[in-house]
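Student: Counting from 1, one number per residue, gives the positions in the sequence shown under full-length UniProt numbering.
In case anyone wonders, no lab produced these hints; they're calculated from the structure. These figures come from a predicted structure and were not determined experimentally. Don't be surprised by glycine CBs; every beta carbon is placed ideally from N, CA and C. Warning: the hint list may mix true and false statements.
[Stated by the list, open to error] Beta-carbon label-pair distances, calculated as ranges:
{"#": "1", "residue 1": "Ala68", "residue 2": "Glu192", "range": "25 to 35 Å"}
{"#": "2", "residue 1": "Leu263", "residue 2": "Gly151", "range": "43 to 53 Å"}
{"#": "3", "residue 1": "Gln237", "residue 2": "Glu192", "range": "23 to 33 Å"}
{"#": "4", "residue 1": "Ile87", "residue 2": "Glu209", "range": "33 to 43 Å"}
{"#": "5", "residue 1": "Asp104", "residue 2": "Pro181", "range": "23 to 33 Å"}
{"#": "6", "residue 1": "Thr231", "residue 2": "Gly28", "range": "35 to 45 Å"}
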Amino acid sequence: MTQAAQQAPVAGTGQDVLVVDGLVRRFGDLTAVSDVSFRIAPGETYGLLGPNGAGKTTTISMIAGLIAADKGSVTVVGETMGPSKVIPKRHLGLVPQDLAIYPDLSARENLNFFGKLQGLTGGDLKKRVAEVLELTGLTDRAKGPTKDFSGGMKRRLNIGIGLLHQPTLLILDEPTVGVDPQSRNQILESVESLSVEGMAVLYTTHYMEEAERLCDRIGIIDSGVLQAEGTRDELIQLTGGVDHIQLSGSGDTTAAAEAIRALPSVARVDAERGRLQLTVHDAPRAVAPIVTTATSAGMQLSDVQITRPNLESVFLHLTGKALRD
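Build the full structure now, drawing on both the sequences and the hints.
Tutor: Spelled out as structure tokens, the structure:
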């Protein structure tokens with residue numbers, strides 16, 4: 001994971017590249033975003049995790065200055081952001097859900113075009129285009145028209161365009177939606193490398209596993225409200241931090257249940273036919289004495305399953321529904 005705490009502060013911002021404070025956005029009677037606040041430090045990858053329609057895209061549209069907030073503020077590298085602001089937008093790289101590439105141009109031509117729009121010229125432009133092609137895995141396909149690219153290749157090029165001018169903050173809005181597994185993994189590997197270079201990243205997704213893999217801190221958003229934020233471990237503590245172990249087998253399960261209840265790591269035991277459902281603290285450490293106790297009490301085990309809480313569990317705990325409902 002990244003080492004945001006060791007990164008030097010960006011000039012003029014103290015410790016934060018992005019500060020989002022109390023954002024509100026309404027569309028008629030619908031409040032799409034309600035009092036959302038968070039910060040991103042240099043070199044940090046921050047994830048906005050939530051289902052479709054949770055308010056992620058509206059939030060980043062305000063952060064990028066594409067739409068105005070009804071209330072609240074956004075500062076990027078110490079500069080106030082808004083639709084009419086130019087200076088803070090120079091520090092941003094925005095990769096939208098909708099592809100922003102020219103299909104009749106090659107990957108290299110697309111990058112050259114957008115690089116010139118971002119103020120790159122001459123040798124600097126040529127060098128950055130080559131670096132971005134390498135980073136996105138498109139060097140071997142740099143000359144062909146992008147209309148012949150797979151969906152994953154187009155997504156990777158879209159990310160490359162956002163990276164060309166080496167922004168202080170890169171915003172990625174659901175960058176892996178609709179791509180094949182190989183391209184998805186390449187995209188995730190590319191994102192992982194960015195914070196190592198000191199770039200701050202804001203990453204929106206509804207895929208729990210992406211947030212867990214990429215993000216130093218995660219904000220869980222639903223119905224326009226930031227329900228909670230923190231590291232993965234901090235968020236999981238909101239569920240009580242307990243694990244579950246299921247023991248299946250035959251023999252004296254009643255005696256096994258009674259003996260297991262006496263163990264200090266066990267919070268609860270529910271006995272079913274040929275099965276014990278345990279709620280425990282720190283399952284990896286607890287499982288060995290639990291198995292020993294069960295077998296000593298006369299239970300012959302056929303299967304042991306450990307379930308540890310994840311971000312799906314946290315989302316369910318906070319909202320009362322599954323992440324993809």
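Student: Does 25 to 35 Å hold as the CB distance between Ala68 and Glu192, or does it fail?
Tutor: holds, 33 Å
Student: That 23 to 33 Å hint for Gln237 and Glu192 (C-beta), does it hold up?
Tutor: Because 25 Å falls inside the window, the suggested range holds.
Student: Between Ile87 and Glu209, does the C-beta distance stay in 33 to 43 Å?
Tutor: 37 Å Cβ-Cβ, so the 33 to 43 Å window holds.
Student: Could you tell me whether the CB distance from Leu263 to Gly151 stays inside 43 to 53 Å?
Tutor: holds, 51 Å
Student: Using the beta carbons of Thr231 and Gly28, state whether their distance is inside 35 to 45 Å or not.
Tutor: holds, 37 Å
Student: With respect to the beta-carbon atoms only, verify the hint that Asp104 and Pro181 lie 23 to 33 Å apart.
Tutor: holds, 28 Å
Checked against the numbered hints listed earlier, the structure breaks none of them; every hint is satisfied.
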